[in-house]
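Okay, here's what each chain looks like letter by letter:
Protein chains: 2
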Amino acid sequence: MAKEKTFRPKARRPRGFEDRAAHVIRAERALVSAASAVYERWGFEPLETPAFEYADALGKFLPDEDRPNEGVFAMQDDDGQWMALRYDLTAPLARFAAEGFQNLVKPYRRYQFGEVWRNEKPGPGRFRQFVQCDADNVGASGPAADAEMIALAAEVMRAAGLNDSDFVIRVNDRRLLDGVLESLGSADDTRRMRVLRAIDKLDRLGMEGVELLLGKGRKDESGDFTEGAGLDEAGRARVLGFLEASKAGGTRAEVTARLAGSAGETAARAGVEALEEINAILTALGIPEELAVFDPSVVRGLGYYTGPVFETELLATPTYPDGSPMQFGSVASGGRYDDLVARFTGQQVPATGFSFGVSRFAAALSALGRLEGADAAPLVIVVAADKARMADYFAMAAELRSAGLRAEAFTGNGNMGKQLKYADRRDAAFAVICGEEEFASGTVQIKDLKLGAQLAESITDRDEWKEQKQQFSVPRSELVSAILTRLSARG
Amino acid sequence: MAKEKTFRPKARRPRGFEDRAAHVIRAERALVSAASAVYERWGFEPLETPAFEYADALGKFLPDEDRPNEGVFAMQDDDGQWMALRYDLTAPLARFAAEGFQNLVKPYRRYQFGEVWRNEKPGPGRFRQFVQCDADNVGASGPAADAEMIALAAEVMRAAGLNDSDFVIRVNDRRLLDGVLESLGSADDTRRMRVLRAIDKLDRLGMEGVELLLGKGRKDESGDFTEGAGLDEAGRARVLGFLEASKAGGTRAEVTARLAGSAGETAARAGVEALEEINAILTALGIPEELAVFDPSVVRGLGYYTGPVFETELLATPTYPDGSPMQFGSVASGGRYDDLVARFTGQQVPATGFSFGVSRFAAALSALGRLEGADAAPLVIVVAADKARMADYFAMAAELRSAGLRAEAFTGNGNMGKQLKYADRRDAAFAVICGEEEFASGTVQIKDLKLGAQLAESITDRDEWKEQKQQFSVPRSELVSAILTRLSARG
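Same order as they appear, the protein sequences are chains A and B. Positions in the first sequence are counted from 1; adding 321 to them yields my numbering. Positions in the second sequence are counted from 1; adding 321 to them yields my numbering.
Take these hints with a grain of salt, some might be off.
Restricting the straight-line Cα-Cα distance to at most 16 Å, the calculated cross-link-like pairs of lysine to aspartate or glutamate (EDC-like) are [claimed, not checked]:
| hint | chain 1 | residue 1 | chain 2 | residue 2 |
| --- | --- | --- | --- | --- |
| 1 | A | K708 | B | D745 |
| 2 | B | K708 | A | D400 |
| 3 | A | K331 | B | E594 |
| 4 | B | K442 | A | E594 |
| 5 | B | K708 | A | E529 |
| 6 | A | K537 | A | D553 |
| 7 | A | K540 | A | E529 |
| 8 | B | K331 | A | E420 |
| 9 | A | K331 | B | D745 |
| 10 | B | K708 | B | D745 |
| 11 | B | K708 | A | E597 |
| 12 | A | K442 | B | E420 |
| 13 | A | K708 | A | D659 |
| 14 | A | K442 | B | E594 |
| 15 | A | K442 | B | D377 |
| 16 | B | K442 | A | E598 |
For the record, the hints were derived by calculation from the structure and aren't laboratory data.
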């Protein structure tokens, strides 16, 4: 076959995509597994939809409504219909729920892990394919379903290995601000979105920047002008006062009591009542005040949220190997969006849910050393010292595996030096060497590949470690026990 | 937003793709998890490549060389390069290995689970996206690496819950037949492929059909003519004699001894030696003779195999829910292919590996009831009898979860009847009911939703079961223990 032609493509990964290495995959798996166990316990059902959806089904549910449809990878099927790779997991859920709506057991609570694809300009650390995890409840209109999402998010964070001091969940209800806008007589959609976007920039721009965006608009450092919401001075003062008040803090009950006082009969009333019920449920579930706080300045950027919203902030700061901090906005966020399937069926269906980026979160957890089960078992390489003895080496590796270790007989080519270098590069803990001499005397040589690093780490225990040799001989029958003893001494 | 326009796309899944339901996902996960644990123990590293590869990189490594490039989903990137969704996991491995060849720790042993996409006409049970699992060893030329793949396949089958009597692995070496062809003076590539394809059809066409394909060719029932390999009568007799001899069976050592006698100094000699070493290793690993047999009639359809090949046959017959048998060819198969990266670099690199279809295999295992861990824990629904008491219902569900059950407070709308119907449709084991009366008396009602089915199953134990009521009351403090007691009595 190789003779047919000699065209040689260059071996190259497509731009903006990544090959995931073993340690990254193990971290993501540990996270996916921990989070799945939480969703399962709570009675959520797993769902997997295909990578493709018809492009028309994706249109409305892009998570950022500023993003055009060009952001997806699309192609035409042979019957002429345009398909596109999913951009998030919400649009496929909407299609799935709408398609089988009559037979769907409601409320339909599902979780889904899956790759999503974004046809964007690749940049450093920005990939065009990554893994997301979404949990949603379709068909439940009450705040209990929102409380459930918040509690789930907290339990996922804990299952991922975070302590309660590592994160905080900020909760709000969009209708509180709607009440403020209503009281100003300015509840039209465009203005509402501009006000929401202005508030969403509070962290970045401060009160002054937000006031500009609430009013005529703001010119940024580059000279670009963002048109404002056009509120008059009284209106701006009302919104800023609302934000200011949200900084007062306090327990969840204190915040709702304060909000109840000012809500009057506006739209905000429903928002306050939702927060009251959410508080009751979070309290019944033992979720501490510090872990889930009510913060009326949280708006979440997305236009489609209609009720309770929340975001999870990582308080621990993971760092890259070079020591620089990883920048994280919200780790997991979500809220209520009550027009999930309406664009397909015209029928209003309540829904609430939340989402997190698996790849990013797993990277942060790895950097913090918090993910349990992400480390592989110690690896032992049985050196192929004598190619005529491969069957014996395979038997040794099998014994080591039975003891819970990772183990392999070296299957490649190369002398002892090359094989030991291989063991080093594989980050193996031990190499086992058994040549003619050892076979004759019924022994094996064990080389402890981590002893050096171990010595450097535990200088105080120097005397103890000094006793241990890097390479030592044991009877063949003690191969496994000798290695396990070394490992357990190491703790 | 809903006002903008009233275009309503039809909610429909793209043709040829499937939404995977919870029980299917759980079965696939159990299989993936069991198989991953095996690969990890053997020191294989996980790898995840992106869904896309450049189309030119996919060309050569389609698993069936009759299939044209049109079989892939391709699209042009904005820099004009054609990308395509991967068709299998071998082509991405080839690209990955070639791209980083200098720095690759060799032998590079990796496993990968992943979706693959085929742009084919959809048909019943034929999907355009499914999950495969591949394990490969790049850089090891010796038969030890092939033996490792066979042992791995056996261990994966066992880890998936199969007994040794449920499957058999048939092993051969392609060079045995090459020896026969060489001795006929007819070793050119086209003839070799035709002979291999003819033999691959032995099961379906019998000796007579194969003889036609070895000679002038064969017309099938539909009248289509397949051109033959053009061997003369002596040549055909030689090949058929070889096949006939392969039916003689015997232990692995008996088969190699027989083959050694006839191999002479042809290419077959290397094949016999490989099988001898493979036998030594399989025997050292305690792999029974019945589990891995040497069968020289196994050729595997793919042209690119160059040495040892094997396929795994399921002996147990899974059935569809309607009782009809699931048709399975080989469950897991593979072999040596020594031109993995040559098309990129021109450099010959030895490689061996095997692959199985996760979705199909998981379906078979589910049907056989063999997959451990594929069943979800029993589900308890806490009925929302009084919406003002949601916090209490959430607390009950949390207690049940702590005991290892799946549990949820009902978050939807509807009266008691609707909620119990929901519990039924969710296949819940219990419903917990606690209204005003129960709160007042400090009790809960438990409804045993599986008792009826349980009664029907165990008619002999009728008296015992009769004692149990379908709905009963317990003190609130005994909610969890009462349910656990029922479950453990049920075994």
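Here is how each hint holds up against the structure:
Distance restraint check for K708 (chain A) and D745 (chain B): the Cα-Cα separation of roughly 62 Å exceeds the 16 Å cut-off, and the hinted pair is therefore not satisfied. Between K708 (chain B) and D400 (chain A) the alpha-carbon distance is near 50 Å, which puts this suggested pair outside the 16 Å criterion. The hinted pair formed by K331 (chain A) and E594 (chain B) fails the criterion: a straight-line CA distance of about 36 Å is larger than 16 Å. Of the supplied pair hints, the one linking K442 (chain B) and E594 (chain A) is violated, its CA atoms being roughly 54 Å apart against a limit of 16 Å.
Among the hinted pairs, K708 (chain B) with E529 (chain A) is inconsistent with the structure: their alpha-carbon atoms are about 44 Å apart, more than 16 Å. A threshold of 16 Å between alpha carbons decides the hint, and for K537 (chain A) with D553 (chain A) the separation of about 9 Å falls inside it, so the pair holds. Under the criterion of a C-alpha separation no larger than 16 Å, the hint pairing K540 (chain A) with E529 (chain A) is consistent with the structure, at around 12 Å. For the suggested pair K331 (chain B) and E420 (chain A), the alpha carbons sit about 8 Å apart, so the restraint of at most 16 Å is met.
A threshold of 16 Å between alpha carbons decides the hint, and for K331 (chain A) with D745 (chain B) the separation of about 57 Å lies outside it, so the pair is violated. For the proposed pair K708 (chain B) and D745 (chain B), the alpha carbon gap of about 21 Å is over 16 Å, so the pair is violated. With a C-alpha separation of about 13 Å, the suggested pair K708 (chain B) and E597 (chain A) falls inside the 16 Å cut-off, and the hint holds. Among the hinted pairs, K442 (chain A) with E420 (chain B) is inconsistent with the structure: their alpha-carbon atoms are about 22 Å apart, more than 16 Å.
For the suggested pair K708 (chain A) and D659 (chain A), the alpha carbons sit about 67 Å apart, so the restraint of at most 16 Å is broken. Simply put, K442 (chain A) and E594 (chain B) have alpha-carbon atoms about 54 Å apart, too far for the 16 Å limit, and the pair is violated. Note on K442 (chain A) and D377 (chain B): the hinted pairing is violated, with a Cα-Cα distance of about 22 Å set against a maximum of 16 Å. Our distance criterion of 16 Å between C-alpha atoms is broken by K442 (chain B) and E598 (chain A), whose separation comes to about 52 Å.
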